[in-house]
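Number of protein chains: 2
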Amino acid sequence: MTRKLFELVGTDPARPFSPYCWRIRLALAHKGLEAETVPWRFTQKGAIAPYNSEKVPVLLDGDKAVADSFVIANYLEDAYPDRPSLFGGEGGRAAARFLNSFGDMIVIAGIFPMVVADISQRLDGDDYAYFRKSREARFGGKPLEEVAADRDGRVEGFRKTLEPLRLMLRAQPFVGGAAPNYGDYIMFGGFQWARAVSPFKLLAEDDPVYAWRERMLDAHGGLARKSPGFAV
Amino acid sequence: MTRKLFELVGTDPARPFSPYCWRIRLALAHKGLEAETVPWRFTQKGAIAPYNSEKVPVLLDGDKAVADSFVIANYLEDAYPDRPSLFGGEGGRAAARFLNSFGDMIVIAGIFPMVVADISQRLDGDDYAYFRKSREARFGGKPLEEVAADRDGRVEGFRKTLEPLRLMLRAQPFVGGAAPNYGDYIMFGGFQWARAVSPFKLLAEDDPVYAWRERMLDAHGGLARKSPGFAV
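Same order as they appear, the protein sequences are chains A and B.
The first sequence runs 812 to 1043 under the numbering used here.
The second sequence runs 812 to 1043 under the numbering used here.
Calculated directly from the structure, the hints in this document are not laboratory data.
Certain hints may be false.
A pair counts as met if it fits within one copy or between any two copies, since identical chains are not told apart.
In silico SDA-like pairs for lysine to any residue, Cα to Cα no more than 20 Å straight-line [to be verified]:
(1) Lys971 - Ala920
(2) Lys971 - Met916
(3) Lys971 - Phe950
(4) Lys842 - Gly900
(5) Lys856 - Ala960
(6) Lys856 - Glu1016
(7) Lys1012 - Val966
(8) Lys971 - Asp915
(9) Lys971 - Gly921
(10) Lys842 - Glu901
(11) Lys971 - Ile919
(12) Lys971 - Phe923
(13) Lys856 - Asp1017
(14) Lys842 - Lys875
(15) Lys856 - Lys953
(16) Lys866 - Ala940
Using the sequences provided together with the hints, build the complete structure.
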């Protein structure tokens, strides 16, 4: 069986950076499943249209095509029940919905304006033009460099929104408890995205969230750390 | 076996209001366990000192004494494994740490300044004096009425911090999935606390979080709704 994962890249096909793709890349590692990377760029909508998606990740697993990171995680959990669990039971799966909301709205949306200009630097040609136009529209037409200009002032507020994660990390090393699970991949995806595209320091070195990010970079044989990125 | 739960009250011994005690009152109902209420007031430190706690909830279960809501929830899950699970497995238990951090830092801490003056109105005598003095100290000596004075302006910001909960509620009716579990009791405790002490409207009626709070008020035979409180 051939398993393939469409992963977002820019000019460097070996530098996947989507936070949602990273969630699934780590979920596959958690399950001990191999999957060939299919590098995918913003403007290659046609390549995934047959799978009824306009966004990645898209997973092709034999004759199955699955899109959307949360749907894919659930698919993997159900399709490979004998592999290590991503959720640790039905309560964990239900709670992962909340974790996913927090990861999307607090982690990813919080990081976005701080790294958005750097993302454009990883792109060229049509991708560059598409990204700038669509993302600047989200900020009322503001140039991305202007959006990112106040990031030194903004980062403190972002760090403050991570307090629930920080407080939890005083009691246990991972969202998953003693070892990482999909809850960690949800949160970490955003940080790995930032690391792949931007040298900006999102976390202070004495932050428990920083130490957790280090543990996540080392997880699954250093899968995330081995991927090209900045030293943050 | 006699089971007893020390629950925080003010002038009305039949109006428990601590958010942490409500988490446990609902957890006991979830497990189908009876527990006699022992009304406890802020200044009755001596009554719980034998159980090595200065705060409630404290649960006495036969010859066991357990303090701290999260510790008690874990105790109940382990001591009564054949009753309905509070966490839905080990992944849910691990994720509950994060939910607990969110419930404490976003829900309870967010509500606190808006209802703190109202709490003092539920107290008298030594409790009133203790509460005002200790809580005003937390706000740099500001009178509680002054702390609460800008709540109309503050409430929009509070509602915004609930976005992760709101986004999740678009996908499922409870933190626990199809039915409430301890994740819901964590979040709801803060709202039930506010409802017991304050007429202030924390949520707009068209908010999915409002609808979820209604469902929680009805849970376990309307346990929370039957307890004295304001129509919010």
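Here is how each hint holds up against the structure:
1. Lys971 - Ala920: Cα proximity of lysine 971 and alanine 920: in one copy and across copies (14 Å, 14 Å).
2. Lys971 - Met916: Result: close both inside a copy and across copies, 14 Å intra and 11 Å inter.
3. Lys971 - Phe950: Between copies only: 19 Å across, 23 Å inside.
4. Lys842 - Gly900: Both. Shortest intra-copy (15 Å) and inter-copy (19 Å) distances satisfy the 20 Å Cα cut-off.
5. Lys856 - Ala960: neither (31 Å within a copy, 53 Å between copies)
6. Lys856 - Glu1016: For lysine 856 and glutamate 1016, neither the intra-copy (39 Å) nor the inter-copy (40 Å) Cα distance is at most 20 Å.
7. Lys1012 - Val966: within (9 Å within a copy, 32 Å between copies)
8. Lys971 - Asp915: This pair counts as both: shortest intra-copy Cα distance 16 Å, inter-copy 14 Å.
9. Lys971 - Gly921: Result: close both inside a copy and across copies, 11 Å intra and 14 Å inter.
10. Lys842 - Glu901: Cα proximity of lysine 842 and glutamate 901: in one copy and across copies (17 Å, 17 Å).
11. Lys971 - Ile919: For lysine 971 and isoleucine 919, the Cα distance is within 20 Å both inside one copy (14 Å) and across copies (16 Å).
12. Lys971 - Phe923: both (16 Å within a copy, 18 Å between copies)
13. Lys856 - Asp1017: Neither. Shortest intra-copy (42 Å) and inter-copy (37 Å) distances fail the 20 Å Cα cut-off.
14. Lys842 - Lys875: within (17 Å within a copy, 40 Å between copies)
15. Lys856 - Lys953: Classified as neither; 25 Å inside a copy, 58 Å across copies.
16. Lys866 - Ala940: within (17 Å within a copy, 59 Å between copies)
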